[in-house]
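Asker: Below are the chains, spelled out letter by letter.
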Amino acid sequence: MDAVIASLPEYWDGFLRTLYLSVISGIIALIVGTLLAAMRVSPVAALRGFSMFYVEVARNTPLTIIFFFAAIVLPRLGVKFEQFEVAAIIALSSYTAAFIAEAVRSGVNSVPVGQAEAARSVGMTFTQVLGFIVLPQAVRTVIPPLINILIALVKNSSVAGAFFVLELFGYGRQLSNDYGDQVLWILLGVAFFYLLITVPLGLLAHFVERKVAIAR
Amino acid sequence: MTTQASGDALVSLNGVNKHYGQLHVLKDINLHVKKGEVVVVIGPSGSGKSTLCRAINRLETIDDGDIAIDGKKLPEEGKDLAHLRADVGMVFQSFNLFAHKTILENVTLGPIKVKKVAKGTADKEAMALLERVGVGHQAPKLPAQLSGGQQQRVAIARALAMKPKVMLFDEPTSALDPEMINEVLDVMIQLAKEGMTMIVVTHEMGFARKAADRVVFMADGQIVEDATPEEFFTNPKSTRAKDFLSKLLTH
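Heads up: the protein sequence lines correspond to chains A and B, in order. Sequential numbering from 0 applies to the first sequence in numbering that gives the first Met the number 0. Sequential numbering from 0 applies to the second sequence in numbering that gives the first Met the number 0.
Source of the hints: derived by calculation from the structure; they are not laboratory data. Hints should not be assumed to be uniformly reliable.
As the list claims (entries may be wrong) - Calculated cross-link-like contacts (lysine-lysine; reagent style BS3-like; alpha-carbon spacing at most 30 Å):
1) A:Lys210 - B:Lys100
2) B:Lys114 - B:Lys33
3) B:Lys123 - B:Lys140
4) A:Lys210 - B:Lys118
5) A:Lys210 - B:Lys33
6) B:Lys100 - B:Lys112
7) A:Lys210 - B:Lys112
As the list claims (entries may be wrong) - Example chain A residues on the side facing chain B (calculated, C-beta under 10 Å, incomplete):
8) Arg47
9) Pro111
10) Leu187
Ideal placement from N, C-alpha and C gives every residue a C-beta, glycine not left out.
Given these sequences and hints, build the entire structure.
Answerer: This is how it looks when you write it as structure tokens:
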């Protein structure tokens, strides 16, 4: 217990870095994932094919391998970055985007097809139909799975700890070495700080879900 | 079968065919609708009349033949198709009002987003249309709070807000309770009197008698008869039409 209290500055630093990785990767993944979902339902076959291929590859590859690719292979291919955080963000957002794309796609499919037909009938283009009619209604069904994915993202960000990024889990490893006799407390401390992010996310999901519920 | 010259037709279909797998749902359809004409399409279930209606604004693709609106051939996809659809109003059996938008927004969304009409102007025009179809006081409500008949009248107002050249009605009263059918038909009859070009797929023979210039009878994917209502109801030529009408009249 004293080890945890003595290490609060490290925990705090790790917490902020985990939060940073999760928020940035989460935003990128939401944007990329929504674009991928839009491509998947677009009338252009090539876009549909690309989206499907991307989602299948990213979703079915272990996150650690994607991290390896981002942190070690990309620099060899000439993509240079100063910090490993950048590699972590690339890996986390490209992995998470695939799951978000699938969640958004299922949300789009949950909107009755007549809504899109009516929107097309008044002369809206594909992007207008999606942006004004389908996605706003899809959000309602997409919020719960989306929050699940974001919670998974927060936890997945711990993989970055194994790739030289000092976030919560990275510090956890370091502190476990420093306080060999109090590993249990150190790890409980790490878990506590993760809960500090994930539990509010769950509550937010609950709140938003009730807020956007609408009668059909 | 009467065949009109296609020269002055607002909507013209030439040699249109469509298959759903093995099923040949539209068989060599030729139909020409002049400006201001009200054409009612009737026929038994599965005769292809809804598919025909939906094909006219390309909610259904066709295998061959061509469809033209006001002399312009229907584009395949993209912006051109969207432009063309803006000129074709569509009213669905299941209303399809935008569930997350208010009644007023349902009517103004098209003009604002597609025609770039200023919001103030769009609101004013939309209110006038809603008053005209008798649901002006419902403007701030959501679609789910309205009855079916009211929703369908809003759907008509939404289509009219785009100032379409032609209105398509795909069984507009089939999902309504009997006492709400008339309030929708009254709006449609009014519209027909004002000179709107209309293609109406319906089972309402009363509407066909009252408002139609022509009745098109379809069966098994083909246009079997194309006549004035008077002619069709009193003296149908084909046995298929006679059979269909006799079934209606026995109840």
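Asker: Please go over all the hints and tell whether each is borne out by the structure.
Answerer: A quick look at each hint next to the structure:
1. A:Lys210 - B:Lys100: Since the Cα atoms of Lys210 of chain A and Lys100 of chain B sit roughly 16 Å apart, the hinted pair holds (cutoff 30 Å).
2. B:Lys114 - B:Lys33: 25 Å, holds
3. B:Lys123 - B:Lys140: 17 Å, holds
4. A:Lys210 - B:Lys118: Judged against 30 Å, a Cα distance of about 27 Å means the pair holds.
5. A:Lys210 - B:Lys33: Violated: Lys210 of chain A and Lys33 of chain B sit about 50 Å apart, past 30 Å.
6. B:Lys100 - B:Lys112: 14 Å, holds
7. A:Lys210 - B:Lys112: Holds, at about 26 Å.
8. Arg47: 14 Å, violated
9. Pro111: 8 Å, holds
10. Leu187: 45 Å, violated
In terms of the numbered hints stated before, the structure departs from hints 5, 8, 10, listed from lowest to highest.
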